[in-house]
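Engineer: Below are the chains, spelled out letter by letter.
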Amino acid sequence: MAEVTLTNVCKSFGDDVALDDVSMTVPDGSFVVLLGPTGAGKTTTLRMVSGLDTPDMGKITIGGRDMAGMTPAQRDVAMVFQQYSLYPHLTVRQNLEFPLKSPILRTPQPEIDRKVKEVAEVLQISHKLDNKSTALSGGEMQRVSIGRALVRQPSVYLMDEPLSSLDAKLRSDLRIELKGIQANSGATLLYVTHDQIEAMTMATHVGVLDNGKLVQFGSPRELYENPVSVYAASRLGQPRINMLPADIFGGAPAAATHIGLRPEQILQGNGEDSTVHRIEHLGDQTRLHLSFKSHDLITVTDAHTDLKVGDIVKIRPHEALYFGANGARVA
Amino acid sequence: MTVSPIDRVAAKTPSGVARRIKGFSDRTIAWIFVAPTVFLLLAVNIFPLIWTIRLSFTNFRVNRPNNDVEWVGLRNYQRILTDPDVWNTMQATAHFLIWTITLQVLIGFILAFLINKKFKGNDMWTTIIVFPMMLSPAVVGNFWTFLYQPQIGLFNYVIAFFTGADPASFSMIGDVHLAPWAIVIADTWMWTPFVMLICLAGLRSIPDSIYEAAECDRASKWRQFWTITIPMALPFLMLAVLFRGIENFKMFDLVVQLTGGGPGNTTTLTSIDLKREAFEKWRTGYSSAYAVILFVTVFGLASIYVKALNKVKER
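Chains as they are written, first to last, in the working numbering: chain A, 1 to 331; chain B, 1001 to 1315.
The following block holds chain B by itself, in its conformation from the complex (with noise of 0.2 Å):
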């Protein structure tokens, strides 16, 4: 028979003890403690996860509340997988996605390969490129509607003064092709420092002395760089593009105050999508059948990447 462990600590109390608490077994004693922690996860995740998928296969609407609710099987799903606008914005979040992580992920690992680097002040520089992802995303947002503003905005002057185009002959969120880049690159701006804090902790985990070996080994810098370096801090690269990837696939704030979706819906996002159904055209029942598709969308592919992430670890 196989002793489970909340019996085995039970058997370690000492008996004096278990008997003060006169009518409750150890095990309902432990229940106790676990209880409200249970109560509160199923009350606010798992019963509205739940609810939710109820929800997806009825027409109902939170607005109407006496309507009469009606069951309609896979309606809405079918609805959304057909809809050209919802591949709109798919691969709109797609886009979004992409560039981020691998612009963040380059610049982020190139950053702190140059800081880990022995130099005076490389605390002071830490301080510096870690100050964006501090700010609120709104202002962030807001900040930089000023910043790609034709005739005012900086970066419009930035972009001019090198490449010699006048200022105000492109808009970086007017236009339907520069859109997508000017949110790519906002988030890129806030969010660099974040993959740089964490590809940093991966390098300085690599101690010096496997460096020294693979000095006296005769390897190369470059070829330390490609056995030693990346093999090693792989780990805390992918950890970083799974909390980028999970944080950006739901990108809402900084988005809506940059571009609002626009122009037409170049930069409507799936979560900027999926909140216009469900508060502004208060599709209940449809926009509950979209969340469930994103969430499974998301958990499946976080769970393949979590599996090559261990992998990678195990290695």
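The following block holds chain A by itself, in its conformation from the complex (with noise of 0.2 Å):
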């Protein structure tokens, strides 16, 4: 297991910027998130840690060795890839040994037997172990190329949304799983989503990227209660950050121009009157629709809520984030 850093790294696809000058450690043991939408460089910066791609400038380092010039091979990465990219030709046990079967590697069959036995397991394809990797569903194949990664010990597994084609429950089992697996052998792992529910429960470190920029670095907790701009405020959270002009309530800081509301900074019962437009039961808890002199907000409140719509709900602010125009943190 290894540290990686990428330091001051770029990388452009002909006129199109994938990454501007990203700096990042990834340490040791770590279980590093990076999020963002499509385009913002995630993928990219996979791909140049795993020696896929190399950067047109900057450092990447694995175990405190830089990597320049050093193949996927060489560089010991295990990599999950979004479109799965098994071996059409091989069956689904073929697949799993295929990186046991290195000759770098020199595991004896016995080994490699037992190895895809335990993760063909906990990823729940025992049975399919003798199919065509070509019929299986998506989200077989998604499990398959997962195992592919983990029958190794690799220096450092890199998985690109890994689990983006998985059902709701094979997604959260599947979740759990990979924490587990990564707590327990201590591997440092870059992990690419879009999911926030997977940056929250999975992450030690998540990295926020913005058009190949990387704006917000820091643990899951530090970016949900203090975020450094609009952009990074809105990747956590759900439901989403609430956004207003500064001013609805009062009390904003001189540059502010927005007040950034998350649902549980909301309080309900004093303050401003609010009518109720929606009311979602989710079981566990229920949102609010709420419209205040003319915005809509969002808001969590009591499962057992007796609220109705067009009822009147008092809101006031409670350690609300504030931003500047040009969507930075002002306080």
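None of these hints come from the bench; they were simulated from the model. Mixed in with the good hints, there may be bad ones.
Heads up, simulated DSBU-like pairs for lysine-lysine below, C-alpha to C-alpha not over 30 Å straight-line [said to hold, decoys possible]:
(1) B/K1221 - A/K101
(2) A/K132 - B/K1221
(3) B/K1117 - A/K59
(4) B/K1307 - A/K128
(5) B/K1221 - A/K117
(6) A/K128 - B/K1117
(7) A/K213 - A/K59
(8) A/K101 - B/K1311
(9) B/K1221 - A/K59
(10) A/K132 - B/K1250
(11) B/K1118 - A/K101
(12) B/K1250 - B/K1307
(13) A/K132 - B/K1313
(14) A/K179 - A/K128
(15) A/K213 - A/K169
(16) A/K128 - B/K1313
(17) A/K132 - A/K169
(18) B/K1118 - B/K1250
(19) B/K1311 - A/K132
(20) A/K115 - A/K128
(21) A/K101 - B/K1313
(22) A/K101 - B/K1117
(23) A/K128 - A/K101
(24) B/K1313 - A/K117
(25) B/K1118 - A/K117
(26) A/K179 - A/K101
(27) A/K115 - B/K1221
(28) A/K59 - B/K1118
Got two chains here, separate frames each, mind docking them using the hints?
Structural biologist: Shown next, in the form of structure tokens:
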């Protein structure tokens, strides 16, 4: 296992700047999640670390060693691809065995069999081992693709949206499973997703990318409670943070143009009047859609609330976040 | 009761449409549409085939239509299969087939592999390489006779340049040992590009991401080649072998133009022999039997091969 560092890494594809001066340290044994919308540079970052692409500028180290000019094999990384990239002419078992059969490793066959069995059980694909890899559903392919990385003990695991095509139950099962594997083995994991629940539940660190720039890097909690910008604040939180004009409640700092309110930062019971215009009962909580001075707000309330559409709720902000005109945090 | 697909489609046809064409059931209309094709197939494929099989049991000669046609049973077949000349022709054909296919697949695959690398101008190279196959076989045969010419031929000159032998000391077309190779070389020159194109399609069908995965799984280039490239391109390679095999089994034009089947009978392939029997000696019954034997051979080999091909594809 190893620490990964990126120092001033830049990469362009033609005129498209994919990564713009990204510096980041992935500590040894950490689970780092990269968040951002499509095109933010998440996958490019993974490909730089894996060695499938080389940076135009900057330096990447794994375990303290400079990776310039090193092939993926020399870097000893295991990668899970978004598009699965299974070997279509091989069975599931052969796909899982493939990395172990590398002459570099010289793994004996009983050891290979044991590992494949173990990984197949974790990923719930034991009954599919002798199927052709093309005769699987998307979710099964994705699991085989994860399995192909897990059979090895590389210095870094790189995963590109590995849970994106699984159903909700399997996704939450595997989330726990992956986190468990990572925590037990002490593996370093760099993980790309745009699912914020995955980021919040698994990550030790979250990196937020915006148009090739790393805008914030820190623990999920830090990011949630202390975002540096509107952009970073809206990456995490479900329902999303509410953005309103800063002066709507009064008491805003001078430079602020917007106030950001997470659902729990809207206190109910006293303050100013707002109207309920929709109620969503989710079981463990209830989401309230409020109209406040012609702005829409979403907050959460007690699961067994008696509120009805049209009711008046008094609200006031509590420990709100303030942002300036350029989107940066001011208070 | 099972419903035929035609009935199912017919059931979906709005009744208004069905009624408008009075007097025809939908089934009849379907038949009217396919009838021209069926008729053509019967007339130019099936009927001649059956007629050939019938003629193969007779001593019919097409240049003597007034002679009595005698039923000779299997005598034609017996004569062909025991004729050493026919077996020589078969051997010449086998030699031609095995070597052309081997060389073309080998060179074609290597060329495809090289051209598949991303480098500047590989489209231009593809066009240049594909050029020979755009020419007429007769033209190719004709200019290879010049290339093989002992005194002025470029081929002899090049061989002489590298070996130091006298270019006039050997004749590719005139020598009984060299002539079978002369036709192999010319055919390989002409048709390797075709095999290359098929192999290229095969190689391009393998997504880059598979190689990237293998790269991360720490497979060497060598291992990637044997465990990914070859297995995934194999169906295409086998298809190329099938095409070239069937094409070269009926090879005629190029070889006739180049060597005319000589010297002696060394380059007389079965199709050339058959043409002589049928349209120079006019032994129609005999040549019909000959044709049936060739047909059964090609058909048999091809069906076994296609079965193997399908198995590879299913893997």
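Engineer: Now, for every hint given, state plainly whether the structure supports it.
Structural biologist: Cross-check of the supplied hints:
Proximity of B/K1221 to A/K101 is assessed by CA-CA distance (about 14 Å); at most 30 Å being required, the pair is judged to hold. The hinted pair formed by A/K132 and B/K1221 meets the criterion: a straight-line CA distance of about 24 Å does not exceed 30 Å. Straight-line distance between C-alpha atoms of B/K1117 and A/K59 comes to about 28 Å, which keeps the hinted pair within the 30 Å bound. Taking the CA atoms of B/K1307 and A/K128, the gap is near 27 Å; set against the 30 Å cutoff, the hint holds.
Our distance criterion of 30 Å between C-alpha atoms is met by B/K1221 and A/K117, whose separation comes to about 28 Å. Our distance criterion of 30 Å between C-alpha atoms is broken by A/K128 and B/K1117, whose separation comes to about 36 Å. At roughly 16 Å between alpha-carbon atoms, A/K213 and A/K59 fall within 30 Å of each other, so this suggested pair holds. Restraint check for A/K101 and B/K1311: the C-alpha separation of about 26 Å stays at or below 30 Å, so the hint holds.
For the suggested pair B/K1221 and A/K59, the alpha carbons sit about 26 Å apart, so the restraint of at most 30 Å is met. Of the pairs offered as hints, the one joining A/K132 and B/K1250 is violated, with about 39 Å between alpha carbons and a cut-off of 30 Å exceeded. For a cut-off of 30 Å, the pair hint linking B/K1118 to A/K101 stands: about 29 Å separates their Cα positions. For the suggested pair B/K1250 and B/K1307, the alpha carbons sit about 22 Å apart, so the restraint of at most 30 Å is met.
The hinted pair formed by A/K132 and B/K1313 meets the criterion: a straight-line CA distance of about 12 Å does not exceed 30 Å. As the CA atoms of A/K179 and A/K128 are separated by approximately 24 Å, the hinted pair is consistent with the 30 Å bound. Our distance criterion of 30 Å between C-alpha atoms is broken by A/K213 and A/K169, whose separation comes to about 33 Å. Straight-line distance between C-alpha atoms of A/K128 and B/K1313 comes to about 21 Å, which keeps the hinted pair within the 30 Å bound.
Proposed proximity of A/K132 and A/K169 is supported: the alpha carbons are some 25 Å apart, at most 30 Å. Of the pairs offered as hints, the one joining B/K1118 and B/K1250 is violated, with about 37 Å between alpha carbons and a cut-off of 30 Å exceeded. Between the alpha carbons of B/K1311 and A/K132 the distance comes to roughly 14 Å, so the proposed pair stays at or under 30 Å and holds. Restraint check for A/K115 and A/K128: satisfied, since their Cα atoms lie roughly 16 Å apart, inside the 30 Å limit.
Distance restraint check for A/K101 and B/K1313: the Cα-Cα separation of roughly 25 Å lies within the 30 Å cut-off, and the hinted pair is therefore satisfied. Between A/K101 and B/K1117 the CA atoms are separated by roughly 27 Å; this keeps the pair inside 30 Å, and the hint holds. Proposed proximity of A/K128 and A/K101 is supported: the alpha carbons are some 20 Å apart, at most 30 Å. Simply put, B/K1313 and A/K117 have alpha-carbon atoms about 28 Å apart, close enough for the 30 Å limit, and the pair holds.
Taking the CA atoms of B/K1118 and A/K117, the gap is about 40 Å. The hint is violated against a cut of 30 Å. This hinted pair checks out: A/K179 and A/K101 have alpha carbons roughly 26 Å apart, not beyond 30 Å. Taking the CA atoms of A/K115 and B/K1221, the gap is near 25 Å; set against the 30 Å cutoff, the hint holds. For the proposed pair A/K59 and B/K1118, the alpha carbon gap of about 27 Å is at most 30 Å, so the pair holds.
When each numbered hint is compared with the structure, violations occur for hints 6, 10, 15, 18 and 25.
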